[in-house]
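**Student:** Chain residues, written in single-letter form:
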Amino acid sequence: MQLIYQMFPLALMSAVPLILGALGGLYSERCGIVNIAIDGTMQIGAFVACITIIFCERAGISNTIIPWFALLTAILSGMAFIAIHGVASIHFRADQTISGTALNVLAGGLTIYLCQILFNGQKQTDYYAMTSSFTKINVPILQDIPFIGPILFKNAYITTYIAFFLVFATWYIVYKTPFGLRLRSCGEFPQASASMGVNVTKTRWAGLMFSGALSGLAGAVLIMTTSSYYYIGTVHGLGFVAIATLIFGQWNPWGVLAGGIFFGFAQVLGYFSSSIPLLSGLPVEFYSIFPYIVTILVLILFSGKSAAPKASGEIYDSGKR
Amino acid sequence: MKKYSHLTISLIAVATGLIFAFLLTLLTGKNPYDLLTALVRSMTGFNLQNIGSFNITYVLNWFLNAVPIILTGLSVAFAYRTGLFNIGGEGQIIAGSTAAAAVAILFDLPPVIHPIVCILAAALAGALWGLLPGFLKAYRNINEVVICIMMNYSGMYFCSWFTKRFLPIDPNTNERTISILKSAELPQVFTSTTSQFNWGFLVAIIGLFVFWFIIEKTTFGYSLRATGFNKEAARFAGMKVERNITLSMMIAGAFSGIAGAVLILGIYKYGRIFTTFDNYGFDGISVALVGGAQSIGVFLAGLLFGLFKAASGNLQLFNIPKEISELIQAIIIYLVAIQYAITLLLNKINMKKNKNQLENKVEGGNTSCN
Chain A
1 MQLIYQMFPL ALMSAVPLIL GALGGLYSER CGIVNIAIDG TMQIGAFVAC ITIIFCERAG
61 ISNTIIPWFA LLTAILSGMA FIAIHGVASI HFRADQTISG TALNVLAGGL TIYLCQILFN
121 GQKQTDYYAM TSSFTKINVP ILQDIPFIGP ILFKNAYITT YIAFFLVFAT WYIVYKTPFG
181 LRLRSCGEFP QASASMGVNV TKTRWAGLMF SGALSGLAGA VLIMTTSSYY YIGTVHGLGF
241 VAIATLIFGQ WNPWGVLAGG IFFGFAQVLG YFSSSIPLLS GLPVEFYSIF PYIVTILVLI
301 LFSGKSAAPK ASGEIYDSGK R
Chain B
322 MKKYSHLTIS LIAVATGLIF AFLLTLLTGK NPYDLLTALV RSMTGFNLQN IGSFNITYVL
382 NWFLNAVPII LTGLSVAFAY RTGLFNIGGE GQIIAGSTAA AAVAILFDLP PVIHPIVCIL
442 AAALAGALWG LLPGFLKAYR NINEVVICIM MNYSGMYFCS WFTKRFLPID PNTNERTISI
502 LKSAELPQVF TSTTSQFNWG FLVAIIGLFV FWFIIEKTTF GYSLRATGFN KEAARFAGMK
562 VERNITLSMM IAGAFSGIAG AVLILGIYKY GRIFTTFDNY GFDGISVALV GGAQSIGVFL
622 AGLLFGLFKA ASGNLQLFNI PKEISELIQA IIIYLVAIQY AITLLLNKIN MKKNKNQLEN
682 KVEGGNTSCN
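These protein sequences, in sequence, are chains A and B.
Under this note's numbering, the first residue of the first sequence carries the number 1, and numbering increases by one thereafter.
Under this note's numbering, the first residue of the second sequence carries the number 322, and numbering increases by one thereafter.
Pulled out of the complex, with its shape left as it was, chain B reads as follows (with noise of 0.2 Å):
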């Protein structure tokens, strides 16, 4: 049986959500133009309802909703080649939104080194929640998965405890922390916009490019790696496992960590004390899986699922409720996840064809023979 590349996978699952998707709007008694035209405005900032209209905007928006997601996807990633499942992104944003929080209220620091902090904190209340379950993963062999999901639920209820005791809360709302520094704050990048696309996208892609060194180019990746492809056969070659599977989750909740700090130095500006997820670490797990786990699949995946996210409000304009794009990306999950059956399938296809083409030659060959 013929192997295929993670691309050509990617590729159809993708297609066949879309396809899904627009079905689905037919059979729903809505208009699948609609739907076009939301997804292409979001992407390209042209309506194709109203040609000649062009708004920037939506572009710098939809830039602005890949950086988290591209972050929490490197998170997934990375644990994930350590053989790892990471569905604990939730939890680990939630740190991280609320140590950058913290650092951006409580210390007073000169401007660019203030978010560097923000965010260099957030990183370690991220990986600080990634320590358990890699932890116990390594050393007592606990499945990472309930872990995470127990370490998610602990950490939104901690965090908003420590919110509430040690941060100072706006009188106004009571739902948020008062407004950070102006000095933590990320700015924006083009100030002529009302886009609120920040400085937080170079931390995206020093996330990528860390995480491609990191993973490929170094000997502690490459251990990491074999861990994740055989854990006893990279035992035996001498690698410390125990250690390795406790340090990736760590870092991958790092990654995720950070996704929270520039959500809140770019966007929200104030702290937030959560009573729900926001389904950005969900959000990590499709553009891992779509990317392949690797550093510019990330990329890719992170823009595309980007985009789905940036679409909700153009969705909710023609009247599409924007769960359509949580739609896509369940289907977008489910068929990675079956990426058997694809092969099976696109085997098939291309033995018809041989088997035509064969056909065809047969047929060739004998009028050379007349």
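In isolation and in its complexed conformation, chain A is listed as follows (with noise of 0.2 Å):
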């Protein structure tokens, strides 16, 4: 019981930007952008939200406004960055698996090079006080709960509620709003979503923008909760993770929050394993290549029945029936 309760924040603080990222994801695929450029919109987030609190530490601006602008400006970030692949695969036709592919190199290669270019040549950014970013909370009254207490509302940051709020947003937004039809209508038939009067390049590029400002925040909200700088392995591949928990998730809000903490725990597992008394006999390794095999097979379980929208990764064409 005691180990259930150390994990499950772990477990929920990794599952965050996964499920973020998962959002991102979502948008862009229901509006018929295949988005893998999830990784590198994660890592410019990440980046922006670093060096905004660096400078704004350095101009003395109070720590309770800090970590909030540094939300924003990783969100605009993102959405900037992920304009890039907007005009590539809306306006110009292009691969979208090809113009993800760059955008990825594009942001690695960036981010390093803006990190020597800003702090005198190192690979890395300088470090930021723990303080001006978000600290743990315990939420009054909730938190004497007992059980969900301890799990859910001990310990926890406030970006893990705002990922909630996130997912249940995001729900409403697709399933219960006109847009959310015209979103979902263009990645599966943009064809005849067009012929009922949907601006479908206007439609995609709101998707797109949601996409780019979920995958900036949940950068952000990555190195905020996990880490004090930004170096090149603080995304690690996460954005393709963060693929995969969409897909687990079967293209679904909900699904995607189930399999955010699925993979959330699958992260943290490794860490307790030795406690375990089934576990600890595995490999480190193990761990780490369990998420990415649970993904295999689910696709594979799921394979005959893909909920993926049809459209998505398809060149719009308005003249082809």
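Where hints are given, some of them may not hold.
As the list claims (entries may be wrong) - With a straight-line Cα cutoff of 27 Å, these simulated DSS-like cross-link-like pairs (lysine-lysine) come out:
1. Lys-320/A to Lys-552/B
2. Lys-320/A to Lys-324/B
3. Lys-320/A to Lys-323/B
Unchecked claim - Computed, partial: chain B to chain A, Cβ under 10 Å:
4. Met-477
5. Leu-656
6. Tyr-661
7. Ile-663
Derived by calculation from the structure, the hints in this document are not laboratory data.
Ideal placement from N, C-alpha and C gives every residue a C-beta, glycine not left out.
Starting from the two chains in their separate frames, assemble the complex, guided by the hints.
**Tutor:** Here it is, written out as structure tokens:
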């Protein structure tokens, strides 16, 4: 029991960037654009959040504002960055996988290049104080609820609750609003939605902007809850795990939530394996490999009845019937 | 609308990438002439800022850096010709590296034969890593990109476990295996220089030839290309589409695996415990795209990107972050991706030119009338 109390907050902490990244992927795939640049966007978001904090610290801005300001800059930078993908995939009929690959390469190069320009040739940013970032909080009253209190409301970051809220908001937007219906229709059969008067180009841009904002946010949350400086390994492929989370969740926000928590647990399982009698004999690599193998298995399992948006990745040609 | 050859598009992409790099150095307060010096020095061995100095090591290092990415470029190109996107190069390289190191350490074979066996083992391991994405794409229609990415991470962790468990670890560092046997090493070509340029380059040349031969000259290659063009038409013509897709991904994996072997036998000379990716697989994507997935194109693009890789040392020497080469690469891939836009632009320019010519002609006609 003690173990679950220790594990759960950590698992939630690692789940949040995955959930946010996967929600980002959900918006773009639902509007018909394959976005493998989530990883790159997360890197940009993490980097921008990090330098925002550092420069705000140097400017002496109060650290009650800094973290929120960092989230905001990360979101904006994510949107700006993913716009490059939008130009290619919405207007210039690019192969979206290739364009996404270009963005991933660009993000890694650009952030480290700028690190060296901004921080005297170092390959990483300076450190910032943990107090200028989000700190762990205990939610009053709720933390006293037996069982649920300690696992959900103790030692938690406020970003966790933001993520939960965004899952709900995404579900509402995608399934309960006219905009969501148009978004989904553009991902399933854009020609049909165009015939009903939906502006496919605009809708796809909107979806992609949501995607960039959420992926940038994912990067910011990642760096602000797990680290205090940016380097090339900050994101370490979590954007791809986020894509796996999206597939695991079958392109559905609630599925994404479940998938994110599952992968979060898989990530922290390694730290705790020595205290779990059944698992202590296994090598560390087993835990690291686990999420990826599970994703492959899930893909095989769902391959017959995949819920993937049908037009995702297809170049939109308004003349095609 | 007029179509343009892939060469035109690639050249425009490369030129734009370079121009952008010069602008970026300017913007971030560095000297663009230093960037030029670093690139020229890595290419020719001459130092522009110290005329008269010449060092052949730089040229050899350029070729040395081109070898693995030509091989990964072939890997991506091979899958691409069958309509597949092989982003799994990283995992395949790691599998190949580990297999090559295992054979190079655990088996005692005569020289010449030993490296060949190592390379074959690496090809097999790479092919094995390409089997699953290919098979699932062919028979269950699961997106190969996602499976490939999952195989990359699985490969990294699996091989790190395998190396720690089955290969003798160097007790001094604990981060790598002991050195491979002398008989398995790919020796230096020119022992008088400090460059590690080794006989691995022959492997790349054989690879280029094999690629060209399979794709262009065999029935199998023809049916692979047909599958890439139109899967249903190929199926209708009686080709075994599923088998083709699986095999194509395996052969692509083999090319990447061989790249891993060449790195281990020629440069590192010990087995590695991977904790990150080296990005050779991603470089392969750029090489294949810029090279138009053709044998000769991959060769030229491989040399180009090899130059960027080789220049990284010189760039740092001249105080320019070496990541600039990644930026150039990203821009080139991006421009190749949006070649539709380039075609539109070129057409517009041409139209203007034609219009001007027409107007000139009209004027000429008038004068002759008078």
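**Student:** The structure should be examined with respect to each hint, and the outcome stated for every one.
**Tutor:** Results for each hint:
{"no.": "1", "hint": "Lys-320/A to Lys-552/B", "result": "holds, 19 Å"}
{"no.": "2", "hint": "Lys-320/A to Lys-324/B", "result": "holds, 21 Å"}
{"no.": "3", "hint": "Lys-320/A to Lys-323/B", "result": "holds, 21 Å"}
{"no.": "4", "hint": "Met-477", "result": "holds, 8 Å"}
{"no.": "5", "hint": "Leu-656", "result": "holds, 8 Å"}
{"no.": "6", "hint": "Tyr-661", "result": "holds, 5 Å"}
{"no.": "7", "hint": "Ile-663", "result": "holds, 9 Å"}
Hint violations for this structure: none, all hints satisfied.
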